[in-house]
Amino acid sequence: MLDIKYLRQNVELVREKMEKRGKNIDFSRFSALETQRRDILQEVETLRAERNNVSKQIGELKKKKEDASVIIARMGEVSNKIKELDEKLRVTEEELGAFVMAVPNIQHASVPVGTSSEDNPVVRQWGEKPAFAFEPKPHWEIGENLQILDFERGAKIAGARFTLYRGLGATLERAVINFMLDLHTGEHGYVEVLTPFMANRDSMTGTGQLPKFEEDLFHVDKTDYYLIPTAEVPVTNIYRDEILEEKILPVYYVAYSPCFRAEAGSYGKDTRGLIRQHQFNKVEMVKFVKPETSYDELEKLTLNAEEVLKRLGIAYRTVTLCSGDLGFSSAKTYDVEAWMPGQNAYREISSCSNFEDFQARRASIRFRREESDKVEFVHTLNGSGLAAGRTVVAILENYQQADGSVIIPEALRPYMRGKEKITI
RNA sequence: GGAGAGAUGGCUGAGUGGCCGAAAGCGAUCGCCUGCUAAGCGAUUGUACGCCCGUAAAAGGUGUACCGCGGGUUCAAAUCCCGCUCUCUCCGCCA
Numbered sequence: 000m001l002d003i004k005y006l007r008q009n010v011e012l013v014r015e016k017m018e019k020r021g022k023n024i025d026f027s028r029f030s031a032l033e034t035q036r037r038d039i040l041q042e043v044e045t046l047r048a049e050r051n052n053v054s055k056q057i058g059e060l061k062k063k064k065e066d067a068s069v070i071i072a073r074m075g076e077v078s079n080k081i082k083e084l085d086e087k088l089r090v091t092e093e094e095l096g097a098f099v100m101a102v103p104n105i106q107h108a109s110v111p112v113g114t115s116s117e118d119n120p121v122v123r124q125w126g127e128k129p130a131f132a133f134e135p136k137p138h139w140e141i142g143e144n145l146q147i148l149d150f151e152r153g154a155k156i157a158g159a160r161f162t163l164y165r166g167l168g169a170t171l172e173r174a175v176i177n178f179m180l181d182l183h184t185g186e187h188g189y190v191e192v193l194t195p196f197m198a199n200r201d202s203m204t205g206t207g208q209l210p211k212f213e214e215d216l217f218h219v220d221k222t223d224y225y226l227i228p229t230a231e232v233p234v235t236n237i238y239r240d241e242i243l244e245e246k247i248l249p250v251y252y253v254a255y256s257p258c259f260r261a262e263a264g265s266y267g268k269d270t271r272g273l274i275r276q277h278q279f280n281k282v283e284m285v286k287f288v289k290p291e292t293s294y295d296e297l298e299k300l301t302l303n304a305e306e307v308l309k310r311l312g313i314a315y316r317t318v319t320l321c322s323g324d325l326g327f328s329s330a331k332t333y334d335v336e337a338w339m340p341g342q343n344a345y346r347e348i349s350s351c352s353n354f355e356d357f358q359a360r361r362a363s364i365r366f367r368r369e370e371s372d373k374v375e376f377v378h379t380l381n382g383s384g385l386a387a388g389r390t391v392v393a394i395l396e397n398y399q400q401a402d403g404s405v406i407i408p409e410a411l412r413p414y415m416r417g418k419e420k421i422t423i
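Numbering (numbering that gives the first Met the number 0), first residue to last: 0 to 423.
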């Protein structure tokens, strides 16, 4: 959520920024509502002040056993008027709130202008794409041949976009998760957390999934619970409605969680394999930081994600999302894309974003400056470190051998009972 | 699932209709005192939204709201009534 005061004073600037994101928003309604809100507020507060004063007088009169019936009657009217105005105010604020909640974040000045993922500039590239003496297979063929991925039975158990992992396939996914958690906690300074995998409406609103993106979520019938689409939701909401001490910042958390996504509107996209699932595993890094450090923290966060691929020996490139490709809540995002030979393409395996104070304002996460005692919003960041399913895809496709087996990257072998290879 | 108790400021905890944004204590900050530390003394100590004054930004003044959340009664609600949520205790069930 943007700061209403800032929005009020910079309507035109914000409108231009949104235009670059491909969003044409009519702010005239906002300005009208905002003026209306302040007018009503002033009127109702004046009446309240009067009521408070007169009520005090009534108390004194009664104590002296004097007659107060005339002013009591008058105050009755004032109270009715207050009730009326309160209702008007509530309606106005509701519409205003809905409007502001639907406005995306303002992108950082360094975000390139563009309309789609075609316009995302590459900022870094690492590693050698493996050379194959044979036609590299897509991971779904490798996995089915090795009997470690079972898409048919996954679909039988739940439906399309669910997969059953078996044997060393299941072990590999678990190894990837544990390896990443150990790396981020042991070497990158993150504290591990294990969260609820469902979250309530307030939490979903705090991080920006709601109210706008309800159709992307799985909702648990007859409850206020949603399955989390990413650990970003529970982890960022750890500090919702809190004022933190400055000295605890920055806070780094890393969490494993399954992620549940409805994938509405992606029919026909990535229908085969593990790339786009209703349920997938992910290790997520989340940071709470002071505003002045958040862009440095974004760089470090992105490098932490990239480090996983370096250790696994998988080629990747990192792109900056252009204005038109940027997510709703983000001010700046880097995507890390791993090389996937079976698809002859780089595919997103991590997305690292700085939300600045956008989520913090929605979720009311603040900190108190020691020097001035002032309360300010923190900046929040998060990034996948990495998506486990897609990491398994990258491993299978990059490390596949002519005989159909898959070499296990050395970094993972301690997590796989020392196994070096997946064979039939 | 059944029965009961509770939710007040950073914390402990008082407050059953007006004198309560809220006693007291603790903690914290600033100042005084002491050679240092401790003790002691004094002051300050929430958040949000408006308005005024003013500014580079602030400071300052003033009003309103907030005692788990939502609604109701009343001229007036932390206080009375209703609904909800959460916490705790006991019983049942259970990984």
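The hints are simulated quantities; they were obtained by calculation from the structure and are not laboratory data.
Check each hint, because a few of them may be wrong.
[As the list claims (entries may be wrong)] Under the rule of at most 30 Å between Cα atoms (straight-line distance), these lysine-lysine pairs were calculated in the DSS-like manner:
| no. | residue 1 | residue 2 |
| --- | --- | --- |
| 1 | Lys299 | Lys309 |
| 2 | Lys128 | Lys309 |
| 3 | Lys289 | Lys19 |
| 4 | Lys373 | Lys299 |
| 5 | Lys87 | Lys155 |
| 6 | Lys87 | Lys4 |
| 7 | Lys420 | Lys128 |
| 8 | Lys309 | Lys155 |
| 9 | Lys62 | Lys80 |
| 10 | Lys155 | Lys136 |
| 11 | Lys80 | Lys4 |
| 12 | Lys19 | Lys268 |
All figures in this text were calculated on a predicted structure; none of them were measured in a lab.
Going through the hints against the structure:
Of the pairs offered as hints, the one joining lysine 299 and lysine 309 holds, with about 15 Å between alpha carbons and a cut-off of 30 Å not exceeded. Our distance criterion of 30 Å between C-alpha atoms is met by lysine 128 and lysine 309, whose separation comes to about 13 Å. Between lysine 289 and lysine 19, the direct Cα distance comes to roughly 27 Å. Compliance with the 30 Å bound is thereby established for this hinted pair. Restraint check for lysine 373 and lysine 299: satisfied, since their Cα atoms lie roughly 27 Å apart, inside the 30 Å limit.
Of the pairs offered as hints, the one joining lysine 87 and lysine 155 is violated, with about 53 Å between alpha carbons and a cut-off of 30 Å exceeded. The hinted pair formed by lysine 87 and lysine 4 meets the criterion: a straight-line CA distance of about 21 Å does not exceed 30 Å. The hinted pair formed by lysine 420 and lysine 128 meets the criterion: a straight-line CA distance of about 20 Å does not exceed 30 Å. At most 30 Å may separate the alpha-carbon atoms for a hinted pair to count; lysine 309 and lysine 155 exceed this at roughly 36 Å.
Between lysine 62 and lysine 80, the direct Cα distance comes to roughly 27 Å. Compliance with the 30 Å bound is thereby established for this hinted pair. Restraint check for lysine 155 and lysine 136: satisfied, since their Cα atoms lie roughly 25 Å apart, inside the 30 Å limit. Our distance criterion of 30 Å between C-alpha atoms is met by lysine 80 and lysine 4, whose separation comes to about 28 Å. Using a Cα cut-off of 30 Å, the hinted pair lysine 19 and lysine 268 holds, with the two alpha carbons roughly 26 Å apart.
Of the numbered hints given earlier, the model fails hints 5 and 8; all others are met.
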